[in-house]
Structure formats: C-alpha cells, structure tokens
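Based on the hints, put chain B in the right spot on chain A.
There are 2 protein chains.
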Amino acid sequence: MPDDVLGPAVTEQALVSGEGGKRLRALLLLDAFDAASPAGTDSPAARGALDIACGIEVFQTAALIHDDIIDEADVRRGRPAAHRALGSFTRSSFQDVDDARARALGSGLGIMLGDLMATASVSIINAAVGTLPNRGRIMDRFLAMHRDVEVGQVLDLAAEHLGLDDPDALAKGSLAVFRWKTASYTTIAPIELALLAAGLDEDVCHDAALRIGTPLGIAFQLADDLLDVVADTASTGKPVGGDIREGKRTVLLADALAGSDADDAAYLRGRFAASHRSDDDVRRIIGLFVSTGAVERSRERIIALWHEANEGIVSCADALGLDERGLAALVTACSRFIPSDLRVEISPASRGGSRDGRR
Amino acid sequence: MPDDVLGPAVTEQALVSGEGGKRLRALLLLDAFDAASPAGTDSPAARGALDIACGIEVFQTAALIHDDIIDEADVRRGRPAAHRALGSFTRSSFQDVDDARARALGSGLGIMLGDLMATASVSIINAAVGTLPNRGRIMDRFLAMHRDVEVGQVLDLAAEHLGLDDPDALAKGSLAVFRWKTASYTTIAPIELALLAAGLDEDVCHDAALRIGTPLGIAFQLADDLLDVVADTASTGKPVGGDIREGKRTVLLADALAGSDADDAAYLRGRFAASHRSDDDVRRIIGLFVSTGAVERSRERIIALWHEANEGIVSCADALGLDERGLAALVTACSRFIPSDLRVEISPASRGGSRDGRR
Numbered sequence: 001m002p003d004d005v006l007g008p009a010v011t012e013q014a015l016v017s018g019e020g021g022k023r024l025r026a027l028l029l030l031d032a033f034d035a036a037s038p039a040g041t042d043s044p045a046a047r048g049a050l051d052i053a054c055g056i057e058v059f060q061t062a063a064l065i066h067d068d069i070i071d072e073a074d075v076r077r078g079r080p081a082a083h084r085a086l087g088s089f090t091r092s093s094f095q096d097v098d099d100a101r102a103r104a105l106g107s108g109l110g111i112m113l114g115d116l117m118a119t120a121s122v123s124i125i126n127a128a129v130g131t132l133p134n135r136g137r138i139m140d141r142f143l144a145m146h147r148d149v150e151v152g153q154v155l156d157l158a159a160e161h162l163g164l165d166d167p168d169a170l171a172k173g174s175l176a177v178f179r180w181k182t183a184s185y186t187t188i189a190p191i192e193l194a195l196l197a198a199g200l201d202e203d204v205c206h207d208a209a210l211r212i213g214t215p216l217g218i219a220f221q222l223a224d225d226l227l228d229v230v231a232d233t234a235s236t237g238k239p240v241g242g243d244i245r246e247g248k249r250t251v252l253l254a255d256a257l258a259g260s261d262a263d264d265a266a267y268l269r270g271r272f273a274a275s276h277r278s279d280d281d282v283r284r285i286i287g288l289f290v291s292t293g294a295v296e297r298s299r300e301r302i303i304a305l306w307h308e309a310n311e312g313i314v315s316c317a318d319a320l321g322l323d324e325r326g327l328a329a330l331v332t333a334c335s336r337f338i339p340s341d342l343r344v345e346i347s348p349a350s351r352g353g354s355r356d357g358r359r
Numbered sequence: 001m002p003d004d005v006l007g008p009a010v011t012e013q014a015l016v017s018g019e020g021g022k023r024l025r026a027l028l029l030l031d032a033f034d035a036a037s038p039a040g041t042d043s044p045a046a047r048g049a050l051d052i053a054c055g056i057e058v059f060q061t062a063a064l065i066h067d068d069i070i071d072e073a074d075v076r077r078g079r080p081a082a083h084r085a086l087g088s089f090t091r092s093s094f095q096d097v098d099d100a101r102a103r104a105l106g107s108g109l110g111i112m113l114g115d116l117m118a119t120a121s122v123s124i125i126n127a128a129v130g131t132l133p134n135r136g137r138i139m140d141r142f143l144a145m146h147r148d149v150e151v152g153q154v155l156d157l158a159a160e161h162l163g164l165d166d167p168d169a170l171a172k173g174s175l176a177v178f179r180w181k182t183a184s185y186t187t188i189a190p191i192e193l194a195l196l197a198a199g200l201d202e203d204v205c206h207d208a209a210l211r212i213g214t215p216l217g218i219a220f221q222l223a224d225d226l227l228d229v230v231a232d233t234a235s236t237g238k239p240v241g242g243d244i245r246e247g248k249r250t251v252l253l254a255d256a257l258a259g260s261d262a263d264d265a266a267y268l269r270g271r272f273a274a275s276h277r278s279d280d281d282v283r284r285i286i287g288l289f290v291s292t293g294a295v296e297r298s299r300e301r302i303i304a305l306w307h308e309a310n311e312g313i314v315s316c317a318d319a320l321g322l323d324e325r326g327l328a329a330l331v332t333a334c335s336r337f338i339p340s341d342l343r344v345e346i347s348p349a350s351r352g353g354s355r356d357g358r359r
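If you read the protein sequences in the order shown, they are chains A and B. For the first sequence, my numbering gives the first residue as 1, with consecutive numbering after it. For the second sequence, my numbering gives the first residue as 1, with consecutive numbering after it.
Simulated from the structure, these hints should not be mistaken for laboratory data. Be aware that one or more of the hints could be misleading.
Copies of the same chain are indistinguishable here, so a pair counts whether it falls within one copy or spans any two.
Stated by the list, open to error - In silico EDC-like links for lysine to aspartate or glutamate, alpha-carbon gap of 20 Å or less: (1) K172 <-> D323; (2) K172 <-> E160; (3) K248 <-> D96; (4) K248 <-> D4.
In this text the structure is predicted, and so the values were computed from the model without any measurement.
Chain A extracted, bound-state conformation:
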C-alpha cells in the first residue's frame, strides 16, 4: 500500500480483526484432509491444505467486518468492531472530521477493509492451488463459499421481516439462514476443500461435504443460539439473552411460538414486534423458551442433526476411501461443532461397512 495516513491504519486493523478467532474452520479442514489423505502432513498437498485453511479464516474475518457494518455492531471478539475502530482513528487524525463524519468514514474504510481481505483470501487460494490436484475446482468451490455466505447475509436481512404468525415459516427461514450464512463456510466448504486437496473425485467431495457439512453446520448454529439463553456470561463472554434483546428471529423463537398457549404467543409476538425489549422482558422470554419446550426442542434438533451428520460420514466412508483411523478422525473433527452433552455415539453396528480398513 502506498504511503499515506490511512493505509497503515487499515493494514493494522486487518491484523487486529484477524485475531481472537477459535480457528474451528481451519482445524476441521486440516483434520478432514488428514483423515482422507495418505500423503502425510509434510507433503506439498498438506502444505496447500494449510494455506486453504488460512484462506478460510481470512475470508471469515472479511465477512465479519462487513456483517458488523450492516448490523451496526460496536463490538467484535471483545474489541471495537473494525468500522468503529477505523472511525475513531479518523476522528483523532483529522481536525475537520466530526463524530458523524467519523462514523461514515469508519464504515467506508470498513467496507474497503472487508473487500481487501476478501480479495486476499482468494489470492491465498490462487497461490496454494498451483501444486494441488483439482486446482480449478478448489477455486470454484472457494468462490461458491463466498457467494453462499453473501446470499446468506441477504437472507438474514430478509428474515428480520418474517412475520410472527407462522412459526413453521419462521423456523424454515431461520434454518435457511443457518444453511447459507453459517454451514456454507463453517463445515461444508472446509470438508469439500480438504477432500479436493486430498485428490478425491469432485462429485464425491461435493456429495460428502453436503451430507456431512449441512446438518453439522446447522446444528452448530442452533447450539450457538441455545448458548445465548442457557449459558452464563462467564462461559460465553456475551450477555445472556443478547439475541432476544436484539429481537433476532431464531428457531428458538419459532419453537416457543409453536409451543405457547394463546396468551403467551400474543405476548411473544408483541414483544418481538416492538423496537426493543427490557431486562424483565428478556427474563420472561427466556422463561417461556424453557417452559414451552423450545429449549428442549432445540436440543433434540441438534441431536438429530448430529446423528444425520454421522450417517453422512458413514455413508460416504467407502467413496472417500476412509479406513477405520480416517473414519474415527473425521467423526472427532466434526464433533467439535456439537456440545459434548448432545453428542450421541455412533454404534459400532452402524459403522458396519467401513470397518475393514480399505486403504
């Protein structure tokens, strides 16, 4: 970047915004590669897989920066969101910038920082694929992941305006957001890109990624939404009931509406149609999420989706050429996305066909 006053600030913010993630997506990609590849961790393909894993993390940072602008969020990972930090920088650097202009400049710089990091994520992939099998397909799927997340963000904006009279439609809309905005880059793409880097057939990779990654990623987001109402602040670092305070349309809300009597349903619809909800509202709504069975229903949904993901792993094991070690490694890698108390064991019987150690 040429010498100027904002360039260093934007570059520095790129590093700050990239810090503090749990790297769950990168880890899944590396573990899925290791499960499927006989090449070993020192091979050129393994180094390529590591680069792709980094590219996904850079993409996530880019997507979060744009998300936070759209949501007008102030905080990300315990620090000022990128657009807020950049706004503060312009406020303190330029005499002629007042508070309102600083906020606008911060958003403008944040849009560009997100663009720069999205571009960088693709550059990382382009540099990585030179020595990998399926090079054109890996790039194609990486870009499809970008597109899916962008589509998911549009769906998320639309979901804010879903009516509260039809719990089924609300749950369906919310689950679609989970599929496109979360599962796409959290579980589907890491699995598909890992398998492509391991040199497997592109149709096999695509099928396996969808079968395993779709239920797994949706379960992950359901568990995240559940934490918002059942965890304590100390364990999550977020205030309890934050989604409720924001009026977010969630599967929990849909299930609570479906399980409510007429009075409670009217109360919920009224509070979620309002512009904000008080601390008392949040407490009462959390109480309803429990008493209507919505919390239990989300736990059942997660258990069922985890079961579906396991079935996906088992059904694809032959096509992926997984031996017993590979199968167990992939199950373990996927299990990180599910709270430990909701993980059902795969019975040895259901693994059946894959226990004879091909490859």
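Just chain B, lined up with the frame of chain A:
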C-alpha cells in the same frame, strides 16, 4: 439464490447496475489481445479473452456499487445508485421499515450486492483460465487489480483531508489516487491480462502494462476531471462544476493554487475548506481554473502522458512481437482514452525499430 423476498430484488439490481457503461475497459482488453495474438478471434484464447473482458466490467460494477455507498451518492449512470434503489425496495416491501431503516437496509444490501458481483467477477476469470496460457498468473493479476482499486479507494478517502497549503503534495496525492483507483483497472489490467491471454511472457506483459497503462490511465482521469469544468452538461450528462461543488481535491485545484496570487489562493483555500460551495463560487472557481492556467496545465499534462504512453508502446513493441498492424491497432485502442484534440501523432521515425513486421 434461495427463494426469498430480497433475493430477486438484489439479482435484478445486479443487472440494472451492470447496464449503461461504455465498456471502454473491455474494448481495450479485446483490442490489445487482437494486436498481440496471432490466434485470430475464433480461437479458444480469444473466447477466454472475451470472458476476462466481461469479468473486468462486472468488477467495475461491483466497485462502483461500494463507491456509491461510501460517497453517499444518490445517482449512477442516470439512475438511482444501487443502495438507494434497494433502500426504496425495502421501504415499499416491508411495513415495519421507515425511511431511516430503509436507507440502512439499502446500504447493507448494497454492500452484499457489491460483494456478490466482486465474487462473480473472479468466478468468471476462474472459468475462463482453464484453457488459457498463464492461468495462475492471469488470476493473480486480476486479484491484484481488485486490490489496487481497493487501495485506491482508501487513498481517495485520505485525499479528502489533504491540506490546501502545499499544491505539490495535493497534486501528488491526487495523481496517486488516479494511479491506484483508476489506471489500475482501466488501462493497466486490461493490457496485462490481454497480453497474458495471448501467451506472452509474464514479465514482458507486466512491464508493458505498467509502461503503457500507467500514463494512459492517469491521462484518462485528468481528462475526465477537465470535462467537469470545460464541457457543457449536454455533452457529459453531468452538471458543470460537480467536482467543485463536492469540494473534490483534484489536480486542477492543485495547479490553480500553484498559479494563483495570494488573494486568489486564500479565496480558493477558504472555499474548499468550507462545507459547501454556492453556484457563484463554482462559477468564480471555474474562472480561476482557467485564468491561473490550471486548465491549460491539465491539457499539457494529458499531452505529455499520452506521449509517454506512446513511447511505452514503441519501446515494448519488440518484446511483444508486434508487427506494424499490431502496433497501429494498439495505438488506436489506447487513443480512445484521450480527447481527440490532445492526441499527438507518433512520428513514423519514432516507430523505427518495429516497422519490419515480425510475426
């Protein structure tokens, strides 16, 4: 895109936003390819070059959508800017959306539409390079173009805060914006990508693109800024003096400050430090741009840069293997970026070494 209410609106806006451009960049790429390639217009490489040309146009639309959000612009190519059109759509589609929320939603959807089109532009390149020479390099340079424009936008935001006391620094800052935000994707990338698609050596392509495209693209932007003060509205479709009204820091302003006496310089600094400029101000400032010699200085700058671009073409002709037809075709293609009255002819003597028709 899955079925939802906003998806079709965003998709439709992608088409609307893509209309109405002059396709200057695509034409330069196709003509530069034709000048350098012996393959003919029906070859797979020529079809690949056409795809890359489309990819640049899609990228431009993406960049303009984000630019218009950052600049809070209402109009683009005579229609509502994308974020404004999408804001209006949400206002009329959702009962619970007021004017302020519609503007915010429009900006959010505009950020996503820009992201989607930037992603699409890269997908077009990825599909095109499969059968082209230099495939990894073409993608690398296409992504470098993305990055350069994003950096240029950051420089542009910084340039708004350049002091008015140092005309040299102001001119330098403004020319840097032209290099990164305009020349990058208007002339440098089209030339480099065309030559790479024609199968030429990557270092030769890079050198030629910088030598020809840098002065050409800067001259193009200087001519565009000049039109803002010397053309009439009928020929440009824009109100005269629009840049002055916005307080834009331009090379014209820098040259006017450099050529002013103390009183006029103080007047210009005062008006450009103010939050807005009246119609009388605009008329007087245009008068000063003429009387201080700034308009004439911009014309001289354009003539000199066009000369430099021509020298670039001639000096690279051997390395590019251009025959006389190719040389003339490339000069003609580049000349479209320069107003006809400012195009100096290349003397036959200076073409010297390239007249013997290699290839």
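Hint check:
1. In this assembly of identical chains, K172 and D323 lie within 20 Å of each other by CA distance neither inside one copy nor across copies; the values are 37 Å within and 63 Å between.
2. In this assembly of identical chains, the alpha carbons of K172 and E160 lie at most 20 Å apart only when taken from the same copy (13 Å versus 47 Å across copies).
3. Taking the closest pair of Cα atoms, K248 and D96 come within 20 Å of each other only across two copies (15 Å); inside a single copy the shortest separation is 38 Å, beyond that limit.
4. For the homomeric pair K248 and D4, the shortest alpha-carbon distance between copies (18 Å) is at most 20 Å, but the shortest distance inside one copy (40 Å) is not.
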